[in-house]
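J.: Listed here are the chains, written in short residue letters.
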Amino acid sequence: MPKVLLSGDEAVARGAYEAGCRVATAYPGTPSTEILENMVQYREIYVEWSTNEKVAFEVAFGASLAGARSLVAMKHVGLNVAADPLFSSAYIGVKAGFVIVSADDPGLHSSQNEQDNRFYGLFAKIPVLCPSDSQEAKDFTKLAFDLSQEFDIPVLVRLTTRVAHSKSIVNLEERVEVPVKTYEKMKEKTILLPQFARLRHSCLEERLKKLTEYAETTPINRYEPGKKSIGIIADGVAYHYAKEVFPKASFLKLGMVHPFPKNLVKSFGKQVKRIFVVEEVDPFLELQTKAVLGRLGSKVIGKDALPRVDELNPRIVQNSLLKSALGGLGRISATKPESGVPARPPLLCPGCPHTGLFYALQHKDVIIGGDIGCYTLGALAPHNTMDSCICMGASITFAYGVEKGLGNEDKRRKVAVIGDSTFFHMGIPGLINVAYNQGQVITIVVDNRTTGMTGHQDHPGTGKTLQGKITKALNIQAIAQACGIEKVYTVDPYKIKETKSLIRKVLAEDGPAVIVSSRPCALLVPKNPPRSVSADRCNGCKLCLSLGCPAIEIAQGKAVINDALCVGCGMCAEVCARGAIV
Amino acid sequence: MNKKNTNILVCGVGGQGVLLFSDLLAEIAMKEGLDVKKSEVHGMAQRGGSVTSHIRFGEKVYSPLITEGTANFIVSLEKLEALRYLHFLAPNGVLLTDNLIIEPLPVIIGIEEMPKDIDERIKHRVKKYYLIDAFAKAKELGNTRVSNMIMLGALSNFLDFTPNTYHRAIRENVKERFVDINIKAFELGVSLLR
Numbered sequence: 001m002p003k004v005l006l007s008g009d010e011a012v013a014r015g016a017y018e019a020g021c022r023v024a025t026a027y028p029g030t031p032s033t034e035i036l037e038n039m040v041q042y043r044e045i046y047v048e049w050s051t052n053e054k055v056a057f058e059v060a061f062g063a064s065l066a067g068a069r070s071l072v073a074m075k076h077v078g079l080n081v082a083a084d085p086l087f088s089s090a091y092i093g094v095k096a097g098f099v100i101v102s103a104d105d106p107g108l109h110s111s112q113n114e115q116d117n118r119f120y121g122l123f124a125k126i127p128v129l130c131p132s133d134s135q136e137a138k139d140f141t142k143l144a145f146d147l148s149q150e151f152d153i154p155v156l157v158r159l160t161t162r163v164a165h166s167k168s169i170v171n172l173e174e175r176v177e178v179p180v181k182t183y184e185k186m187k188e189k190t191i192l193l194p195q196f197a198r199l200r201h202s203c204l205e206e207r208l209k210k211l212t213e214y215a216e217t218t219p220i221n222r223y224e225p226g227k228k229s230i231g232i233i234a235d236g237v238a239y240h241y242a243k244e245v246f247p248k249a250s251f252l253k254l255g256m257v258h259p260f261p262k263n264l265v266k267s268f269g270k271q272v273k274r275i276f277v278v279e280e281v282d283p284f285l286e287l288q289t290k291a292v293l294g295r296l297g298s299k300v301i302g303k304d305a306l307p308r309v310d311e312l313n314p315r316i317v318q319n320s321l322l323k324s325a326l327g328g329l330g331r332i333s334a335t336k337p338e339s340g341v342p343a344r345p346p347l348l349c350p351g352c353p354h355t356g357l358f359y360a361l362q363h364k365d366v367i368i369g370g371d372i373g374c375y376t377l378g379a380l381a382p383h384n385t386m387d388s389c390i391c392m393g394a395s396i397t398f399a400y401g402v403e404k405g406l407g408n409e410d411k412r413r414k415v416a417v418i419g420d421s422t423f424f425h426m427g428i429p430g431l432i433n434v435a436y437n438q439g440q441v442i443t444i445v446v447d448n449r450t451t452g453m454t455g456h457q458d459h460p461g462t463g464k465t466l467q468g469k470i471t472k473a474l475n476i477q478a479i480a481q482a483c484g485i486e487k488v489y490t491v492d493p494y495k496i497k498e499t500k501s502l503i504r505k506v507l508a509e510d511g512p513a514v515i516v517s518s519r520p521c522a523l524l525v526p527k528n529p530p531r532s533v534s535a536d537r538c539n540g541c542k543l544c545l546s547l548g549c550p551a552i553e554i555a556q557g558k559a560v561i562n563d564a565l566c567v568g569c570g571m572c573a574e575v576c577a578r579g580a581i582v
Numbered sequence: 001m002n003k004k005n006t007n008i009l010v011c012g013v014g015g016q017g018v019l020l021f022s023d024l025l026a027e028i029a030m031k032e033g034l035d036v037k038k039s040e041v042h043g044m045a046q047r048g049g050s051v052t053s054h055i056r057f058g059e060k061v062y063s064p065l066i067t068e069g070t071a072n073f074i075v076s077l078e079k080l081e082a083l084r085y086l087h088f089l090a091p092n093g094v095l096l097t098d099n100l101i102i103e104p105l106p107v108i109i110g111i112e113e114m115p116k117d118i119d120e121r122i123k124h125r126v127k128k129y130y131l132i133d134a135f136a137k138a139k140e141l142g143n144t145r146v147s148n149m150i151m152l153g154a155l156s157n158f159l160d161f162t163p164n165t166y167h168r169a170i171r172e173n174v175k176e177r178f179v180d181i182n183i184k185a186f187e188l189g190v191s192l193l194r
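As you go down the protein sequences, you meet chains A and B in turn. Per full-length UniProt numbering, numbering of the first sequence is gapless, rising by one per residue and ending at 582. Per full-length UniProt numbering, numbering of the second sequence is gapless, rising by one per residue and ending at 194.
Think of the hints as simulated: they come from the structure by calculation, not from any bench. Computed from a prediction, not measured in an experiment: that's the story for all the values here. The reader is advised that the hints may include incorrect statements.
Examples of chain A residues toward chain B, derived with CB under 7 Å [as the list claims (entries may be wrong)]:
id	residue
1	H109
2	K167
3	Y241
4	E244
5	K558
Listed next, the in silico SDA-like pairs over lysine to any residue satisfying Cα-Cα at most 25 Å (straight line) [what the hints assert, rightly or not]:
id	chain 1	residue 1	chain 2	residue 2
6	A	K558	A	A577
7	B	K116	A	K3
8	A	K3	B	M30
The C-beta atom is built at its ideal place from N, Cα and C for all residues, glycine as well.
Start from the sequences and build out the full structure, keeping to the hints where you can.
T.: Here it is as C-alpha cells:
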C-alpha cells in the first residue's frame, strides 16, 4: 500500500475507514473540522454534520449501540456541549466500537480557551489515547475502535492543533469490514434508571481495572532507553519537541494516558536520575507521575519549569528544562523579533455581509451579546460592536441576563448577534427562553447561509447535507416565530440605509424581536467588477474606512480601492456621503 | 535542532496561497524520498490575517515546528510579513520575498504605523536577501493568484529536487484548468533567479 502525506485530521478519517467505521458525525470546529470533511470520500461510511456536538455524540453513540462501528469528532469545547451523553456513555458501554475524537487547541489559534480534554478521561472514566503525528493518528484511531469493542467502553482520541493540522507521512492499509451486529434490547445496559445505573457504575470500575492492566503492556506506551541522567515522560506532539532537543535522553512515550500505567512509570522512575514530564497546557501526566512515585516524586520536573499557558515548541522545552535543571547552562537564545511591526489580525473579508450589519450597529447606546463565528471579529476596531463572546449560543442568553441584572431602570436595549449555524447549534433554546420569560432582547441572526469561520460547511439552513444531498432548508424566520417571537424582520445588510433604519425602528419599539440579516458569504458568490474612487469628489473624510473593509486604503489623503481585493459589493458606495465611489 | 534537516518557513497574508505553496513543497520532499513534516493553523487565523507554514524535511524529522533562528529559508509572499518572521532565519539563511506590500487594517484605519525602513532592516540582518516582483509578474501572466508559484520556482533554484517532481506535484494538486498557468508561473520563478 502507498505512503501518503496526511494531516492528523485526514489520518483519523483514514483510520476510521480502515477500522470498518460505518457512521461518523460532527459539528464543525477548528481544528477538528477536516476529519469529517475527509471522511465523506469514503462511501462505506455514513457521515453527517449534526446540529451540535451533543446531537452528534448521541447519533454516533446510538449507531454503536445498534451494532455499527461509529465515530464522533469535535473541537475541545464541543465536548463540553456533549458532556452529558459522554458521562452516560461510559456507564452504558458500547455494542460496536465507538470512538470520540476531541481536537484541543493549545495556543488558542481559533478558540475561546485552552482546556485540556485529557481530564475528561479521568472525569468520565474512559480511556484516552494521544497520538503525536499523523501515522499515530491513524493507528491510534484503529486501536481505539478495537479497545472500545474489547473493553465495552467509549474511547477518547485526543488531538491537538499541531497534530490535527500538521502533515506527515502515513502508510495506508486496506479497510477491514466489521459487519453490523444484530440489534437486541439490552435493558439493564442501556436504560440508566438508578437501579440499573448503580450496577453499570460497578461494572465501569471493573472495566477500568482491566484497562489499567492493559495500559501497562500496550505497545503504544513505549520505553526508549537512552542516557540514564535524564528520563523524559511525554505524550502527543510534546514528545517530538522533546525528542528534537534531547535526542539522547531516555524516554517513556505515553500513547495511552488514561488509565495511567503506574508500574511502567514506577520502573522508569527507578532507572533514571531525573524525570522531565513534557506535556502541553495542564500537568495531567505530571500529577499522576508524582502520585505514583511517592517520595521519588521530588526528582520530577514539569510545570514548575514548563509554561501552562500557550503551546510548546522545541525551544521552550529546551530552555525551560535546562534552566530548571542546570541553572540556565546550554540555553539557546531566541533571536529577537523585529520591533514596531504592525499587527495583522484576522478580519472580515472584502464584501463580507457582516460588515454592513456592524456598520449599522456602530455608535448605538446598546449592550450587545456576541457569539462564536467570523462575526466575533465585529468586536474589534473599527466596529467595536460587541460586549461579549462566551461560548456557542451565549449571545441571546447573555443579553437576556444583562436585561434581568440591570432591571427596568436601565433604558439601553439589549441586543444579541448570532450566526445562522450557531443559531441552529444552540441559539434556539435561548430564544425560546426570551419569549417564555417575557424578555425584551433583540436577536440579530447574521445569516450568511454557511458555517463561515470553519471553512464553509453546510447546516440545517442551507438545504444541503455533508454528503451533498439536497434536503429541506429550515427557515430561521419561521423558527423564530415558532419560538414565540412575534416581531420578525428580514433585511439585506448590503443595503446599509435600509439596515440602519430598520435597526433604528426596532430599537424604538417594545418587545423582543428577531432581525435576520440575510446575505450569502462573499466567498461563496461570484465577484462583481471592482469599485473605484473618483478622486475629484473624494474629500478624504475617511467615512468609508469605518466599514473596516480591507480593500479600502488611504493614499495621499484620498480613498483608494485595491482592485485585487475588491469584490464590488457596493457597500462603500452607499456609505460615501459625497457619491465619490462608483 | 537536527542540523541535517532543511527548515523552510513560508509566510504571507491569508488568501495569498501560503498553504498551497507549503502543501506542494512537502509533497515534493516526500516524492524525493525524504521524511517530511509541515505545520500551520486554520480557522480564524486565516481570515486575512498573518499566515505561516513550517516545512521541515530530511532523513528523520521530529518536531513539526521550526525553532526561531533555525530556518534555512524564509519565503514570504508579502514584505511586511518577511519582516515579522525574520527572527526565524538561521544566521546563514536565505530570504526570498515578494516586493508586494499589503497594508494591515490597523495601519489603514490609523491605529498603527507602517515601518518606513523595511528594506534597510532586512538588509541589515540578512546577507542572502532576494527581492522578487512575483505579484507584479503574476499580474502580467494574467492571474495574481499564481504569485506563490513564482516564489516556489525562485526557491527551487536553492533546492536539490528535480524539475519534474515540481511539475508532477503541481499537476496532482492544482485544479486542471489552472495547471498550465501555475507551471508557467513556476518556470518564470525559476528563471528570475537562475
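J.: A separate judgement is required for each hint: does it hold in the structure or not?
T.: Evaluation of the provided hints:
Interface hint status for A/H109: upheld, as the beta-carbon distance to the closest one in chain B is roughly 4 Å, under 7 Å. At a threshold of 7 Å, the smallest CB-CB gap from A/K167 to chain B is about 5 Å, leaving the interface hint in force. Residue-level restraint check for A/Y241 holds (minimum Cβ-Cβ distance to chain B is 5 Å; threshold 7 Å). Taking 7 Å as the C-beta contact cut-off toward chain B, the hint placing A/E244 at the interface holds, the least distance being around 4 Å.
Because the beta carbon of A/K558 sits about 13 Å from the nearest beta carbon in chain B, more than 7 Å, this interface hint is broken. With a C-alpha separation of about 14 Å, the suggested pair A/K558 and A/A577 falls inside the 25 Å cut-off, and the hint holds. The suggested pairing of B/K116 with A/K3 is violated, with an alpha-carbon distance near 48 Å, which exceeds 25 Å. Distance restraint check for A/K3 and B/M30: the Cα-Cα separation of roughly 9 Å lies within the 25 Å cut-off, and the hinted pair is therefore satisfied.
Violated hints for the displayed structure, listed by number in ascending order: 5, 7.
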